[in-house]
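Novice: So the protein lines, in turn, are chains A and B. When the letters of the first sequence are read in order and numbered with this note's numbering, they come out as residues 1 to 282. When the letters of the second sequence are read in order and numbered with this note's numbering, they come out as residues 1 to 585.
In case anyone wonders, no lab produced these hints; they're calculated from the structure. All values derive from a computational prediction rather than experimental measurement. Treat the hints with caution; some may be incorrect.
Claimed, not checked - As a list, the in silico SDA-like pairs of lysine to any residue whose alpha-carbon atoms are at most 25 angstroms apart:
hint : chain 1 : residue 1 : chain 2 : residue 2
1    : B       : K242      : B       : E9
2    : A       : K169      : B       : A478
3    : B       : K242      : B       : N7
4    : B       : K242      : B       : P262
5    : A       : K169      : A       : D120
6    : A       : K169      : B       : R343
7    : A       : K169      : B       : R412
8    : A       : K169      : A       : A118
9    : A       : K169      : B       : G310
10   : B       : K242      : B       : D524
11   : A       : K169      : B       : P366
12   : A       : K169      : A       : G181
13   : A       : K169      : A       : D112
14   : A       : K169      : B       : A21
15   : A       : K169      : B       : A281
16   : A       : K169      : B       : A96
17   : A       : K169      : B       : T287
18   : B       : K242      : B       : A21
19   : A       : K169      : B       : Q361
20   : A       : K169      : B       : A339
21   : B       : K242      : B       : A253
22   : A       : K169      : A       : T255
23   : A       : K169      : B       : R352
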Amino acid sequence: MSLRAALSPLAGRTRGVRLGAWLLLGVVALAVLGPELSPHDYRDTNFDARLLPPGLAGGHLFGTDELGRDLFVRTLTGTRVTLLVALVASLVSLVIGVAWGSIAGYAGGRIDAFMMRAVDALYALPFIFLVILLMVAFERNFFLIFVAIGAINWLDMARIVRGQTLSLKQREFVLAAELLGVRPAAVLWRHVMPNLLGVVVVYLTLTIPQAILVESFLSFLGLGVQEPGTSLGALVNSGVAHMERAPWLLLVPSTLLALVLFCCHFLGDDLRDRLDPRRSGS
Amino acid sequence: MLLDVANLEVAYPGSARPAVAGVSFALERGESLGVVGASGSGKTQTALALLGLLPREARVSGSVRLDGAELLGAGERGLNRARARRIGMVFQDPAAALNPCLTIGRQLQQVLLAHGIARRAGWRPAARRLLERVGLPDPERVLTAWPHQLSGGMRQRAMIALALAAAPDVVVADEPTTALDVTVQAGILALLRELREEDGVALVLITHDLGVIAHNVERVLVLADGRPVEAGAVRDVFREPKHPHTCALVAAAPRLDAPAPPPASPSAPVLSIERLSVSYAGRGAATDAVRDLSLEVGRGETLAIVGESGSGKTTLARAVTGLVTPGTGRVRLRGEALAPALRDREPAVRRRIQMVFQDPQGSLDPALTVREILAEPLGLGGIARRPSAGAVQDATAALLARVQLDAGLLPRRPHELSGGQAQRVAIARALAAGPEVLVCDEAVSALDGSARAGVLELLEREQAATGLALVFITHDLAVVRRIAHRVAVMYAGYLCELADNAALFARPRHPYTRALLDAVPLPDPAAPPAAAPPPAAMAPPANGCTWQPRCRHAIERCTREMPGLAAVGGTLVACHRAAELDLRR
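Please work from the sequences and hints to get the whole structure.
Specialist: As structure tokens, this is what we get:
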């Protein structure tokens with residue numbers, strides 16, 4: 001199956017997968033548009049309306065938090081941040097991982113050995129602690145989260161891409177290009193990388209939820225996004241504090257987080273089934 | 001009636017024409033039927049329908065009766081019983097049909113126990129008997145072997161043993177020898193013939209190869225586009241084919257007695273291979289794939305290199321192009337020594353030797369269109385540094401025209417091409433580089449009869465027009481006869497015989513060449529059936545001639561001394577007895 005066919009309209013998929021796709025699309029649309037449409041701002045505090053329960057009465061659909069901020073807007077803003085982090089982190093891992101893995105695999109020999117041993121060495125580091133150290137050292141820079149999460153994920157990506165490249169470079173169309181005198185960089189760019197796409201896209205759909213989880217984890221620890229900015233992980237964290245008096249503060253963001261993760265995994269599994277060369281042989 | 005198939009039809013939802021329609025035949029015990037057709041003619045679909053192995057979405061109608069019991073719609077349980085006990089199936093690729101995670105013994109044990117043919121302890125002698133029945137030497141060792149430890153021929157014999165485990169009345173063999181060497185094929189076909197004659201097994205033999213049909217079945221059913229177009233006794237169909245499709249099949253069948261191309265006019269060698277040796281490092285000892293081999297190819301000449309798989313012919317091709325770095329020896333192009341490794345060869349030098357691979361689809365980048373594939377060699381200094389879109393369109397269309405394809409194929413991707421079209425595109429790409437030498441590694445082996453003939457003609461025409469030197473690597477002697485000016489025969493990395501086309505077929509000088517020729521199944525029921533040489537041992541002998549353990553004419557000297565190449569009557573032969581033996585038929 002070609003990549004285009006795998007990504008093209010949702011026809012021919014199971015109902016569950018289609019539902020997942022629509023749900024994810026809905027969440028993304030809501031996260032992008034929702035905060036703009038709401039009369040409230042995610043930063044506005046209102047001490048007269050603290051810990052309001054969900055309902056239409058006060059104009060706060062999901063209720064308010066301990067500072068009287070509208071939870072609907074905060075949750076959607078948090079989703080926005082979480083999705084953005086996940087996307088950017090995945091792109092970071094995509095760029096570094098694909099470049100590193102394909103160059104190592106295609107070059108082979110000593111270059112390959114050196115590059116992959118470097119990956120092994122980085123693997124050996126306890127990365128969450130490294131990220132925590134980075135956060136502490138660089139004063140909790142928002143962009144650092146992107147970089148840190150991407151820096152975890154690219155190692156796996158590099159290994160997967162290298163493995164694929166090793167088998168691709170034995171393929172006859174690559175040999176034919178080499179015989180034509182195409183420069184190695186051009187062979188890599190024109191013949192190897194486009195054929196890595198299927199595997200890379202599949203892995204990416206699995207990386208995104210992973211990045212969401214790491215970001216949530218960091219934010220939960222208080223190392224992620226800083227107030228008044230927020231993310232789903234940060235919201236869950238603050239919700240835990242009021243779990244008994246105001247359970248909606250925990251339930252709303254964690255439900256949304258679970259929903260996003262669920263949709264991503266579902267779509268990722270489906271894509272993997274469709275693009276895995278070992279299963280379809282095409 | 002043992003097996004009675006009436007009006008079998010296989011259709012898939014979403015396709016207008018049924019894949020198989022109106023297929024009927026009947027088979028008694030000990031009878032045999034050959035089902036022939038080009039690829040896509042519905043042969044395999046028919047076989048799978050007989051066994052109820054088609055995918056779930058296939059719609060099968062008609063009737064398949066075994067001893068009067070209807071098999072279609074019999075349900076999985078009934079089918080399973082019928083499949084194992086009454087019908088055995090032998091698949092094309094034994095490597096794929098055997099479970100790589102189980103030893104041959106375990107796989108036989110499963111079948112024998114599952115159908116209660118042997119009791120717990122008794123399976124081993126039963127399995128051993130089966131392996132002996134299919135002619136496997138040392139059955140005790142094969143029982144404990146994993147599929148990957150066996151050669152292709154041994155695997156196919158093991159597969160046949162599995163199919164025979166429950167003593168079926170019918171064996172369906174779907175291209176059982178297509179993946180095998182010609183020398184191994186002859187042995188497998190002889191085994192199938194023997195099973196039929198001695199054990200009374202009814203055989204349905206499915207193949208595209210008329211040579212296989214000619215000697216191994218009594219009746220033939222010819223399929224075209226899923227429809228039966230002709231049926232009858234083998235002799236009649238070969239002597240007087242009635243349907244035009246059958247006539248075309250018979251006419252296109254590869255023959256060894258076709259006229260050989262006239263010898264090429266002598267010229268200074270374009271490509272010289274000098275004392276080339278290639279070895280692969282492995283666990284323990286290195287394997288020598290090519291040993292001390294020298295060859296020359298002149299301008300406008302076609303040199304065919306033949307041999308069984310493992311003879312080193314593909315390694316030789318790759319060493320010439322630089323894809324494999326030889327250990328010693330060198331390759332010269334018009335007298336100029338080439339760097340052994342491809343990465344040390346300048347692009348301009350690389351372009352002078354091009355290669356066409358066996359798998360036409362695999363040699364084209366699946367992510368690119370035909371236009372992009374063909375534009376690549378042009379953009380590399382052929383026309384201009386950065387050719388304009390119009391120039392690319394013109395140049396690629398011209399290239400396609402050169403290989404007799406329509407410019408309408410330009411926007412297509414490789415998987416949208418037929419095998420023959422894809423191979424022509426691959427040839428066009430190679431020609432675009434303006435090579436002096438074109439190495440074809442089994443370039444027509446994956447193609448059907450007519451596509452094959454078309455590609456061979458195309459290569460000949462290009463050669464006549466540009467003086468291209470062709471190195472044609474193949475296991476198929478009929479193709480050699482058709483296209484080669486000179487032929488090099490390789491065995492175990494050595495050059496055994498180097499002769500002109502006419503001389504090689506008329507008077508082979510090396511016993512190995514004779515064995516290769518004898519193993520070819522001729523598409524003529526009147527000709528003698530193919531004969532198989534003794535199977536190869538696992539390892540070549542340490543001393544003496546490498547062919548000697550399988551040689552009918554070996555003498556004591558052959559076990560001591562490896563013969564060198566010597567000229568005997570215009571032919572170079574590496575055999576101690578070349579001068580005294582007369583291997584003419």
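Novice: Holds or violated: are the alpha carbons of K169 (chain A) and A118 (chain A) at most 25 angstroms from each other?
Specialist: holds (22 angstroms)
Novice: With a cut-off of 25 angstroms on the C-alpha distance, tell me whether K169 (chain A) and D112 (chain A) pass.
Specialist: holds (13 angstroms)
Novice: CA of K169 (chain A) to CA of P366 (chain B), is that 25 angstroms or under?
Specialist: Holds. K169 (chain A) to P366 (chain B) sits at ~14 angstroms (cutoff 25 angstroms).
Novice: Is K169 (chain A) within 25 angstroms of Q361 (chain B), Cα to Cα?
Specialist: holds (16 angstroms)
Novice: Does P262 (chain B) lie within 25 angstroms of K242 (chain B) when you go C-alpha to C-alpha?
Specialist: Given that 25 angstroms is the threshold and the Cα spacing comes to 33 angstroms, the pair is violated.
Novice: CA of K169 (chain A) to CA of R352 (chain B), is that 25 angstroms or under?
Specialist: holds (22 angstroms)
Novice: Can you confirm whether the C-alpha distance between K169 (chain A) and D120 (chain A) stays at or below 25 angstroms?
Specialist: holds (23 angstroms)
Novice: Would you mind confirming whether the straight-line C-alpha gap from K242 (chain B) to D524 (chain B) stays at or under 25 angstroms?
Specialist: Judged against 25 angstroms, a Cα distance of about 16 angstroms means the pair holds.
Novice: K169 (chain A) and A478 (chain B): Cα distance at most 25 angstroms?
Specialist: violated (33 angstroms)
Novice: Given the hint that K169 (chain A) pairs with A339 (chain B), test it: the Cα-Cα distance must not exceed 25 angstroms.
Specialist: Holds, because 21 angstroms separates the two Cα atoms, which is no more than 25 angstroms.
Novice: For the pair supplied as a hint, K169 (chain A) and A281 (chain B), confirm whether the alpha-carbon distance does not exceed 25 angstroms.
Specialist: Cα-Cα ~20 angstroms, so holds.
Novice: Given the hint that K169 (chain A) pairs with R412 (chain B), does the C-alpha gap stay at or below 25 angstroms?
Specialist: OK: K169 (chain A) and R412 (chain B) at ~23 angstroms, within 25 angstroms.
Of the numbered hints listed earlier, those contradicted by the structure are 2, 4, 14, 22.
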